[in-house]
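Read top to bottom, the protein sequences are chains A and B. To convert, note that position 20 of the first sequence is 20 in our numbering; the numbers rise steadily by one, no gaps. To convert, note that position 169 of the second sequence is 1169 in our numbering; the numbers rise steadily by one, no gaps.
Hints listed in this document are in silico derivations from the structure and should not be mistaken for laboratory results. Using N, Cα and C, we set each Cβ at its ideal position, and we do this for glycine too. If a hint is listed, it holds; no wrong ones were tucked in.
Between beta-carbon pairs, the in silico distance windows are: (1) A:Lys-150 with B:Pro-1002: 20 to 26 Å; (2) B:Asp-1555 with A:Lys-73: 50 to 56 Å; (3) A:Lys-28 with B:Pro-1002: 30 to 36 Å; (4) A:Trp-51 with B:Ser-1149: 39 to 45 Å; (5) B:Arg-1416 with A:Thr-20: 51 to 57 Å; (6) A:Thr-139 with B:Gly-1259: 46 to 52 Å; (7) A:Lys-73 with B:Ser-1036: 46 to 52 Å; (8) B:Ser-1036 with A:Glu-88: 40 to 46 Å; (9) B:Gln-1097 with A:Arg-52: 23 to 29 Å; (10) A:Glu-88 with B:Gly-1230: 18 to 24 Å; (11) B:Asn-1181 with A:Glu-88: 29 to 35 Å; (12) B:His-1211 with A:Arg-52: 33 to 39 Å.
Pairs of lysine-lysine, DSSO-like flavour, derived with a Cα cap of 30 Å: (13) B:Lys-1258 with A:Lys-73; (14) A:Lys-73 with B:Lys-1334; (15) B:Lys-1180 with A:Lys-127; (16) B:Lys-1710 with B:Lys-1801; (17) A:Lys-127 with B:Lys-1224; (18) B:Lys-1714 with B:Lys-1754.
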Amino acid sequence: MRFLLLFSRQGKLRLQKWFTPLTDREKKKVIRDMMMLVLARQPRSCNFLQWRDLKIVYKRYASLYFCAGLEDKDNELLALEVLHRYVELLDKYFGNVCELDIIFNFEKAYFILDEFLMGGEILETSKLAVGVSLEEADTLQETMEEYMSKPAY
Amino acid sequence: MPAPIRLRELIRTIRTARTQAEEREMIQKECAAIRSSFREEDNTYRCRNVAKLLYMHMLGYPAHFGQLECLKLIASQKFTDKRIGYLGAMLLLDERQDVHLLMTNCIKNDLNHSTQYVQGLALCTLGCMGSSEMCRDLAGEVEKLLKTSNSYLRKKAALCAVHVIRKVPELMEMFLPATKNLLSEKNHGVLHTSVVLLTEMCERSPDMLAHFRKLVPQLVRILKNLIMSGYSPEHDVSGISDPFLQVRILRLLRILGKGDDDSSEAMNDILAQVATNTETSKNVGNAILYETVLTIMDIKSESGLRVLAINILGRFLLNNDKNIRYVALTSLLKTVQTDHNAVQRHRSTIVDCLKDLDVSIKRRAMELSFALVNGNNIRGMMKELLYFLDSCDPEFKADCASGVFLAAEKYAPSKRWHIDTIMRVLTTAGSYVRDDSVPNLIQLITNSVEMHAYTVQRLYKALLDDISQQPLVQVASWCIGEYGDLLVSGQCEEEEPIQVTEDEVLDVLEGLLVSNLSTPVTRGYALTAIMKLSTRFTSVNRIKKVVSIYGSSIDVELQQRAVEYNALFKKYDHMRPALLERMPIMEKTASNGPTEIVQTNGEAEPSVVEAKHPPPVTQPTNQANDLLDLLGGNDVVPVIQTTVPAKPASAGGELLDLLGDLSLSGGPAPAPATSVPSSQPAFLLDGLTSPPLFNDIAAAGIPPMTAYNKNGLKIDFTFERANPNPNIAVITIHASNSTEADMTDFVFQAAVPKTFQLQLLSPSSNVVPALNQGTVTQVIRVLNPQKQQLRMRIKLTYTHKGSAVQDLAEVNNFPPQSWQ
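Take these sequences, add in the hints, and give me the full structure.
So, in structure tokens, the structure goes:
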């Protein structure tokens, strides 16, 4: 996978994960193109399209579009499963996740993603294992008190 | 200083903004506050501020001033800080900024942290955006972690290693020992990431690939367990156990089995098993089947398995799910080259997909349909494809039209069918046809001699209906110009001939000239067509009038043409018929630019020019090519002193096309794109075997000479100036043999000084008969633009009385008239 984007129907970006180095301008171009292509699609179209040399897989969940750019050797049908798994992980974490959760807790969405994918590849195939790591990592996050009292360096 | 507002608070506030300007104002205000907070080196709220900055960055605002702050957060002891710091690093930093290298030390420390989640953060960041330098520095740490027994760290280290290898392939070797027992892990996360790592290594290095082939049995076993094992809640997806791992294993098997008989055999059974047993009701099962099919097609599988795979794809084509149909079409496109017949069986289903509503599917179906066209199914397929062309979206039309032309050219069952197909494309998708189709079509029409009348009639009728589609109009006007006489004489055999008068034809062509719909190129075509009709029609006066009107056209191209045509009418009327006569059959050559340029150099050593045979192109172009060779491209621009000056560029264009090695620039295009000078036609006329008009043979003026006379072999030179260009001397050698034995394998070669150019045509034979019973003749053309004294070095080789003879000689006694 080269990149993963989440954006709303109105064209607002909610999450961007890049797995290859690109300049800011290139990133903006990709985002613009993806939004243009995906938002223009008919409601019951095929979830795949070709863009430059990449296969684009997208899926709509409620008001959010999940859009991934794949290399030629990646399996598109499996990519749909990957997107679905990510949504399931979000759902488990936030409990009935909706777009607002992702807006207000975007950093957590990234943390969840980072426990599931790395470098564009799947890190962990077990939903349970991902859930456990997130819980434990969250416990390490200091409470306000602890945070204030602990020295930084 | 009050505490900076919380992240959620900021988000809420920004979302209340009603306009872009309002949002920008809020952002700017907050950024200012954050900046001053950073300046104060505030440890407490740095994390909160950076988080806010990241949010604003996602909205599209610049956030580079937070880069260093991320580094400070990473260095902090607090986990909350580290988490945000690393996230910020991944979002704001990349290898382009020098700043990122400062992270290296922090990451190194964190890779050795006591808490696995901190180590995890470091591995994740390194594995996502580590630059080559960072990877080099930290590869050792990653390797260490790859060997740990902690599966959480092991899986992250494996993917981090993948990234390191992608960035610095030379480091691959270093990870080899750690891979030894990766596959014996029970943990699926580790298994999956290990398979990814192994795949990466095998893809990059054939040695690694050979090394890891021994893992095939183990991989097969793991896959088998996944399929056969009972329900496992942790890894289950719609009844299938860990599909992600299954697919990755299948992919690795594909790489290991490719080109290797033993490995392929070892995996045959499991592939068959997966192919037959996987549940296909849900997407996840089909994902696995898809990967299986790809693997079967790539390895050396037995034919039964291959047929199974193609049948699976055939079933996919009938699936209700669009995604699966799309994927099937894509895979079939990949396999159509290798398993053509098997894919042909599904042709009708594929053609049905042309009618699918989904755009992606239509495109794939179109590509696949073109790949499936062959001599047997051309008629049926073309019907479907033309129907598709009619009804498809504009985005497809250009590609479809090109595809139709290509297919028609390759497999047309008859010329009539071919022309009809082209007509159909031009009339239905005429404006989407690519520009280079026009010259190709013109050539095709020219070469279908028996169809000329039919073609011009159909094109004329099409023009009457619609003059908006430029390619159609251009081809039609060209044809009418060429075959207008056939049109008015009502000679059509193929269909009912129409009654058309010369005036009606001219009306149509003049209509094109004045219409707003016509582009300048089209107008050029029309004008030239009208001109050509002057030799085919009787109403020359009308044509003269039109031509003279356009002599003052605003369009420079039209004006030039009209002026030149006028000149044709006035001063060069005697040449008009020859210039405007019917085009001969054109040989289609792929290349642009002159074929085999003959270069000569004399001087120091006679690097001899090989006896040059004209390139094996069809006869009409032979002489023309020789001519080009003689000119040798750009360097020489011969002076034209003759009567065909500002050559009507159009007529010239067509004549130029005869040269065959120029791209057919759609008929009357001005000066060719290649190196041939536009004054070419004078030589062209010379090059043509027929028109005697211009072969002013001034042979009488130049005396012949003996160039060589030794050992019974005598070589005489006779001269001609067989063309208007005084710079080219045409020398014919006559070789005679006064000895009693024949001279066989006779080869005459010549070299001239640098300022000259020389070309040798084929000799009449290579046996010089004994006792002067016959001569071998050969033509040499010498170009002498600088009018220097002609000198030549010749080399003769032949076999005489069983022994090989070779001789070199200088020829200096050229009569002055031959080169002055």
